[in-house]
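Add chain E to chain G, keeping to what the hints say.
Number of protein chains: 2
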Amino acid sequence: MEHIKKLNINRIKDGKMELVEDFVIAEYPLTIFINGQEFITLLCSPEGLKYLTVGFLVSEGIIKNKDQIESITIDKDKGHAYVELYDKSSFTEKLFGKRTITTGCGKGTVFYNVLDSLGTKQIDSSLKVGWDKILNLSRKLNEHSTLFRETGGVHSCALCDSDDILIFYEDVGRHNSIDKIVGQAVLSDLDLSDKILISSGRISSEMIIKAIKSNIPIIVSRSAPTELSVKIAKQFNATLIGFARANRMNVYNGQERLLSK
Amino acid sequence: MEHIKKLNINRIKDGKMELVEDFVIAEYPLTIFINGQEFITLLCSPEGLKYLTVGFLVSEGIIKNKDQIESITIDKDKGHAYVELYDKSSFTEKLFGKRTITTGCGKGTVFYNVLDSLGTKQIDSSLKVGWDKILNLSRKLNEHSTLFRETGGVHSCALCDSDDILIFYEDVGRHNSIDKIVGQAVLSDLDLSDKILISSGRISSEMIIKAIKSNIPIIVSRSAPTELSVKIAKQFNATLIGFARANRMNVYNGQERLLSK
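Which chain is which? The protein sequence lines are G and E, in order. Residue numbering for the first sequence follows this note's numbering, beginning at 7 and increasing consecutively. Residue numbering for the second sequence follows this note's numbering, beginning at 7 and increasing consecutively.
Just chain G, with the same shape it has in the complex (with noise of 0.2 Å):
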């Protein structure tokens, strides 16, 4: 399996050493151009690099639907996505005010504009669902990764309706695995309003800011959120739950999205 490469390593264990061969996580360096130029480098999970590389343009707001893209073409062997826009402008400069988080603009920080360009669009969904289903998806979730249980090096995330995932992605980078999930929904022009989406590993600001450009209003966690994604998912009426294992979570907003029957 190419996520995981086989190695010799020295194992110590209670005073001893021993050569074992162990696994370890892939880290496959791929390098996005457009029209032509080379724009990126993501370290990724080397699959699903199609949608990883249409996830980050829409997640980095270069692009907003499929219509946008006349073609990608990914060549593994070299690490590179080839991606042409019918827009032929340069997509360097608008990139750099994003990925930086900086621009010559002068006017506060810039981390704030981040914000700003999600506008002041609140989530758009009458999705609701109960509290044990919440619970049984991230039981799924965690069933499902089984290159953590191997590795250990990564973190799974899985966009979910009621019932069931119904995409699934593991990623040395907490980032990709949600960029692959929104680039695989663009391209089939899959609804997320009515989903959940189910991360493994902590919910920073970044990540939140991603599930709700897509319109994802229920945003679920194995593990803690930052404050920060707490704020935003308040402003943007986003539901956050975290810790969601076993028979327990915690709300940290949109309870009303939440059923207990």
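Don't take each hint at face value.
Since the list gives no way to pick one copy over another, a pair counts as held whenever it fits inside one copy or between any two copies.
[Unchecked claim] Below, a list of computed lysine-lysine pairs in the DSS-like style, where the Cα atoms sit at most 27 Å apart: (1) Lys22 with Lys219; (2) Lys134 with Lys84; (3) Lys84 with Lys267; (4) Lys267 with Lys72; (5) Lys267 with Lys94; (6) Lys84 with Lys11; (7) Lys237 with Lys12; (8) Lys139 with Lys240; (9) Lys237 with Lys219; (10) Lys19 with Lys139; (11) Lys11 with Lys70; (12) Lys146 with Lys70; (13) Lys219 with Lys11; (14) Lys22 with Lys139; (15) Lys240 with Lys82.
Hints were generated in silico from the structure; no laboratory data involved.
Frame of chain G; chain E shown alone:
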């Protein structure tokens, strides 16, 4: 404690919901200005901000030592770090070439340019450390990690000599904690070539590149390394240890620095 914010949340447990007070980890936006020009915003835990600023600039190759710094002022309320360098040229382009790992030079993937920027200089160190000392330091790191126990939202990282922890940080970002350590070491003229870096989190390529840039010979994780970080450790002759917990650890490279007694 400003690292942690108290919130009222709804806790659902065993089918019942109750309003409780809970703690979440702060995620603080720090915007760095260089020579008056806005440069980048880092999302971090709000301590060691001066060290973070210096460590980030060193890790990203913007500066090499503290003598290049004219002054640093932190405005904690605004979340701004103002850095004056003696060199008044623009650094924005320099960062873009690194941060987004993209350049216009067009020869191969730029990721490898980042590796190239390390040069061919191997880790230069005569440090040797006993197995038991490494495991002891890993245990100490775990005991220090109070924020993690309280909020589950941070990674901890420590710079150690053979016997004890010298510098310790917990941060919402794995990269920030190593940047804070590097910054503190640079400002206090600490030689890192006989030190050990221990992290609670995974060792990705970016993490090990930062450590190698500072000539730290032994990098230890309580968690997993990626395959790429193992490759980089081999290339630069760094000692890389993973899963250092209780009575065992995996040595991925550089066992010649480890002593059984």
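Okay, the hints, checked on the actual structure:
1. Lys22 with Lys219: Cα proximity of Lys22 and Lys219: none, with 52 Å in one copy and 32 Å across.
2. Lys134 with Lys84: neither (45 Å within a copy, 39 Å between copies)
3. Lys84 with Lys267: neither (51 Å within a copy, 45 Å between copies)
4. Lys267 with Lys72: For Lys267 and Lys72, the Cα distance exceeds 27 Å both inside one copy (38 Å) and across copies (61 Å).
5. Lys267 with Lys94: This pair counts as neither: shortest intra-copy Cα distance 52 Å, inter-copy 64 Å.
6. Lys84 with Lys11: within (18 Å within a copy, 46 Å between copies)
7. Lys237 with Lys12: Cα proximity of Lys237 and Lys12: across copies only (13 Å, versus 43 Å in one copy).
8. Lys139 with Lys240: Intra 23 Å, inter 47 Å, cutoff 27 Å: intra-copy only.
9. Lys237 with Lys219: Only inside one copy: Lys237 and Lys219 sit 15 Å apart there, 36 Å across copies, limit 27 Å.
10. Lys19 with Lys139: For Lys19 and Lys139, the Cα distance is within 27 Å only across copies (14 Å; inside one copy 42 Å).
11. Lys11 with Lys70: neither (36 Å within a copy, 35 Å between copies)
12. Lys146 with Lys70: neither (31 Å within a copy, 48 Å between copies)
13. Lys219 with Lys11: between (35 Å within a copy, 26 Å between copies)
14. Lys22 with Lys139: between (47 Å within a copy, 15 Å between copies)
15. Lys240 with Lys82: between (40 Å within a copy, 24 Å between copies)
Checked against the numbered hints above, the structure violates hints 1, 2, 3, 4, 5, 11 and 12; every other hint is satisfied.
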